[in-house]
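A.B. asks: With chain A fixed as given, assemble chains B and C onto it according to the hints.
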Amino acid sequence: MTIETTKLNFGPQHPATHGTLHIELELDGESIFKITPNMGFLHTGMEKIAESETYTQFVVVTDRMNYLSALNNNIAYSQAVEELLHITIPERTRYIRVMLSELSRISDHIVSLGLSAMDLGAFSPFLYSFQNRERLYDVFEEVTGARLTTSFTRVGGLAQDLPAGFERRVKDALVYIRNTMEEMNDLLGDNTIWHERTQGVGLLKKEEAIAYGVTGPVLRASGIPYDIRKCKPYLGYEEFDFDLITEDSCDVWGRYLVRKREIMESCKIIEQAMERMPVGDVNALQGKITLPEKEEVYTSIEGLIHHFKLIMDGHGHKPTGEVYNCSEAPTGELGYYIVANGTSMPAKLHVRSPSFYNYQAMPEMVEGKLVADMVATLSSVNVIAGELDR
Amino acid sequence: MGLEEASHSESEMVKEFAVTTKIDDLINWGRKNSLWPMPFGTACCAIEMMASLAGRFDMSRFGSEVIRFSPRQSDLMIVSGRISIKMMPVLLKIYEQMPEPKWVISMGACASIGGIFDTYTIVQGVDRFIPVDVYIPGCPPKPTALIDAVMEIQKQIGKERMADHLHG
Amino acid sequence: MVDLKTVAEQFAGTIEGEGAQAYVYIDSSKIVAALELLKKQKYDILMDVTAIDELGQNKPSRFTVVYHMMNSSDWSRMRLKSRVNKKETHPTVTHLFKSANFAEREVYDMYGIDFEGHSDMRRILCPDDFEGHPLRKDFPLRGKGYREDFPNYTRDLLEE
Numbered sequence: 026m027t028i029e030t031t032k033l034n035f036g037p038q039h040p041a042t043h044g045t046l047h048i049e050l051e052l053d054g055e056s057i058f059k060i061t062p063n064m065g066f067l068h069t070g071m072e073k074i075a076e077s078e079t080y081t082q083f084v085v086v087t088d089r090m091n092y093l094s095a096l097n098n099n100i101a102y103s104q105a106v107e108e109l110l111h112i113t114i115p116e117r118t119r120y121i122r123v124m125l126s127e128l129s130r131i132s133d134h135i136v137s138l139g140l141s142a143m144d145l146g147a148f149s150p151f152l153y154s155f156q157n158r159e160r161l162y163d164v165f166e167e168v169t170g171a172r173l174t175t176s177f178t179r180v181g182g183l184a185q186d187l188p189a190g191f192e193r194r195v196k197d198a199l200v201y202i203r204n205t206m207e208e209m210n211d212l213l214g215d216n217t218i219w220h221e222r223t224q225g226v227g228l229l230k231k232e233e234a235i236a237y238g239v240t241g242p243v244l245r246a247s248g249i250p251y252d253i254r255k256c257k258p259y260l261g262y263e264e265f266d267f268d269l270i271t272e273d274s275c276d277v278w279g280r281y282l283v284r285k286r287e288i289m290e291s292c293k294i295i296e297q298a299m300e301r302m303p304v305g306d307v308n309a310l311q312g313k314i315t316l317p318e319k320e321e322v323y324t325s326i327e328g329l330i331h332h333f334k335l336i337m338d339g340h341g342h343k344p345t346g347e348v349y350n351c352s353e354a355p356t357g358e359l360g361y362y363i364v365a366n367g368t369s370m371p372a373k374l375h376v377r378s379p380s381f382y383n384y385q386a387m388p389e390m391v392e393g394k395l396v397a398d399m400v401a402t403l404s405s406v407n408v409i410a411g412e413l414d415r
Numbered sequence: 008m009g010l011e012e013a014s015h016s017e018s019e020m021v022k023e024f025a026v027t028t029k030i031d032d033l034i035n036w037g038r039k040n041s042l043w044p045m046p047f048g049t050a051c052c053a054i055e056m057m058a059s060l061a062g063r064f065d066m067s068r069f070g071s072e073v074i075r076f077s078p079r080q081s082d083l084m085i086v087s088g089r090i091s092i093k094m095m096p097v098l099l100k101i102y103e104q105m106p107e108p109k110w111v112i113s114m115g116a117c118a119s120i121g122g123i124f125d126t127y128t129i130v131q132g133v134d135r136f137i138p139v140d141v142y143i144p145g146c147p148p149k150p151t152a153l154i155d156a157v158m159e160i161q162k163q164i165g166k167e168r169m170a171d172h173l174h175g
Numbered sequence: 049m050v051d052l053k054t055v056a057e058q059f060a061g062t063i064e065g066e067g068a069q070a071y072v073y074i075d076s077s078k079i080v081a082a083l084e085l086l087k088k089q090k091y092d093i094l095m096d097v098t099a100i101d102e103l104g105q106n107k108p109s110r111f112t113v114v115y116h117m118m119n120s121s122d123w124s125r126m127r128l129k130s131r132v133n134k135k136e137t138h139p140t141v142t143h144l145f146k147s148a149n150f151a152e153r154e155v156y157d158m159y160g161i162d163f164e165g166h167s168d169m170r171r172i173l174c175p176d177d178f179e180g181h182p183l184r185k186d187f188p189l190r191g192k193g194y195r196e197d198f199p200n201y202t203r204d205l206l207e208e
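Residue numbers (my numbering), protein chains in the order written: chain A, 26 to 415; chain B, 8 to 175; chain C, 49 to 208.
Derived by calculation from the structure, the hints in this document are not laboratory data.
Worth double-checking, as some hints may not be accurate.
[To be verified] Just a few of them, taken from the derived set where beta-carbon distance is under 8 Å, the chain A residues facing chain B:
#1 Gln38
#2 Thr45
#3 Leu67
#4 Ile74
#5 Arg89
#6 Phe155
#7 Glu159
#8 Gly411
[As the list claims (entries may be wrong)] Pairs of lysine-lysine, DSS-like flavour, derived with a Cα cap of 30 Å:
#9 Lys88/C to Lys257/A
#10 Lys334/A to Lys185/C
#11 Lys257/A to Lys146/C
#12 Lys146/C to Lys255/A
#13 Lys87/C to Lys59/A
#14 Lys87/C to Lys255/A
#15 Lys257/A to Lys53/C
#16 Lys257/A to Lys196/A
#17 Lys343/A to Lys185/C
#18 Lys146/C to Lys231/A
#19 Lys87/C to Lys230/A
#20 Lys129/C to Lys343/A
[Unchecked claim] Stretch-level coverage of chain A by chain C, calculated; a stretch enters the list once three of its residues show a Cβ under 8 Å from a Cβ in chain C:
#21 340-349
#22 354-362
#23 371-378
#24 381-392
The beta carbon of each residue, even a glycine, is placed where N, CA and C say it ideally should be.
This is chain A alone, in the form it adopts within the complex:
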């Protein structure tokens, strides 16, 4: 008996796709017979741009990949270049990077929760989550100068040090976030409709998650305890006290719980980092890797030459060899594979983007299920189109 199917296009312009995705559905009534995920509607050629820009110039482009948590991208990229050049960053930079990385993670998870609630019809969590994000934007604007696309890290350190009075604003923001998360939990956590729409929906078993190379909250909600901050720590994460959150339900409800609890853990890490923040320089002083102070540039000839050579032809940044460096972005494992050839521009730069591999597992999670479940699953996977297509 042949089944007559209807073809339906989901996207690329659709209110419930997060970004420009295109999913071709073959429907048998309300249930999905076959699903083909497509992408490429935001392809920008960032990897090609990297081959004609210096290492420092490319930081600006990395912001635009995962635009919900731009600081994580900046930090991951600078880390990869620093490993290639064998630079160690100062202690203070390490703590500042940890703190900014966790603030960025909170902002990404909050938006993901808000948008997935909006997709299923609950509009208020969206407003609460954007209100939270505005508090975090205030913090980012004070430190980096921009709300969304921060471009804050440099090779060997940061663009500038933290401003005075920073701790007070972060503490206020954390109090606000904790209160709002309690409110959102009251709205969604015990809500029967939310339970019915998310429990048992979008199942991704352990073996399938490993076979598809899925990482991030999607993997941890399937019961596998892989978080790079715990398993292969970078930036000194082994010194901080936080839990690795896993759930065993493998469904959308599990991913909601993982993200919600990760926000709380990030708040803990930020408080610990602020308590223990050492004083000192933020830029690595070894070699001539980072820009000198302005007084030196204007008063001494060595400072002037150092500044000129670094800006004009990336003088201190001419590595050889190759590196693959990964870090835990809010969507999963973000890896940078850089092949260098002794010039100031990389020979090849490839981004192992977590959304690319998470998106590939969509057919596994929704084939045979209803269309409404597909909307819930897609928003729980948190695919960000900028990272997907690069």
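C.D. replies: Same frame as chain A, now just chains B and C:
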């Protein structure tokens, strides 16, 4: 007594209970205070557009309460984000589907001029292919800039005249 | 436990690079067998597949395919490379690792390397009628005119 007194009180009544204006101003007033946007958000600017629809920079104060993603029911298209060559046919189709009168805001550097991406796959400004009314610079522009652009569109609508459209 | 040395000895590969970023070159006729062995030895997560273009550098072949493997019990990593032949084809590993599906399509789209045995070898990021392979070194950054090639709309009528 008689007719003169009756007409005097009538004109006073008219002043109290009726408003007289030109038809142009009436139509423009209706259009500009109920602009229904069609958010064509692709990338980072879309997040700032969402922020301008959320609590702090509420754009529904300006009449844009109805954000439905259906082109048939909207009159203002906000192109926010970089447009790649794969996405351009989609944009053109949606532009065709919007009924007249329609206006376009090109939000951000990438939609206006290609932004920082001068590559093989990014269209260097949507104004090469569709008519744009207001450009917003920034990468991404703050939500206040988007609201300023909507107010600019409202000013432009206020100057339109029905007589221009009647002759095709 | 396998490490780079045992893989190199068993499959006649050469190790290059230093320290934690060392990798092993394996011939393309043996790469599938090497990845099968790694999968049995708990290196069963294929993190990434990509390729490198070394045009004009006097290397034995122009393209090299790179595989990043991860161990699911102790989370250690290994990198394998394999040279692509002159006809620009390479065997696929989608039957071993499901995550290779989209990744190999992206390598085909960006570099033009055809993976034999892949079930759905078509472009993924560029449009379907795009000609050329963008990440090759001889493809210009600004492209070949595709971004100009759309109809022009004015306020009243459509101009071609």
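A.B. asks: Each hint: holds or not?
C.D. replies: Against the structure, the hints:
1. Gln38: 6 Å, holds
2. Thr45: OK, holds: Thr45/A within 8 Å of chain B, min 5 Å.
3. Leu67: 6 Å, holds
4. Ile74: 6 Å, holds
5. Arg89: Result: holds, 6 Å to nearest chain B Cβ.
6. Phe155: At 4 Å from the nearest chain B Cβ, Phe155/A passes the 8 Å test, so the hint holds.
7. Glu159: With Cβ-Cβ at 5 Å, under 8 Å, it holds.
8. Gly411: 5 Å, holds
9. Lys88/C to Lys257/A: 23 Å, holds
10. Lys334/A to Lys185/C: This hinted pair holds, its Cα atoms lying about 27 Å apart.
11. Lys257/A to Lys146/C: 24 Å, holds
12. Lys146/C to Lys255/A: 26 Å, holds
13. Lys87/C to Lys59/A: Satisfied, since the Cα-Cα distance of roughly 29 Å is no more than 30 Å.
14. Lys87/C to Lys255/A: Cα-Cα ~24 Å, so holds.
15. Lys257/A to Lys53/C: This hinted pair holds, its Cα atoms lying about 22 Å apart.
16. Lys257/A to Lys196/A: 29 Å, holds
17. Lys343/A to Lys185/C: 20 Å, holds
18. Lys146/C to Lys231/A: 14 Å, holds
19. Lys87/C to Lys230/A: Holds: Lys87/C and Lys230/A sit about 19 Å apart, inside 30 Å.
20. Lys129/C to Lys343/A: Measuring from Cα to Cα gives roughly 24 Å; hence the hint holds.
21. 340-349: The restraint on the stretch 340-349 of chain A holds, since 4 of its residues have a Cβ under 8 Å from chain C and three suffice.
22. 354-362: As far as the stretch 354-362 of chain A goes, the hint holds, because 3 residues have Cβ atoms under 8 Å from chain C.
23. 371-378: This one holds; 4 residues, not fewer than the three required, reach chain C with a Cβ under 8 Å.
24. 381-392: That given contact holds, which follows from 4 residues of the stretch 381-392 of chain A lying within Cβ reach (below 8 Å) of chain C.
Consistency with the previously given hints is maintained throughout, with no hint failing.
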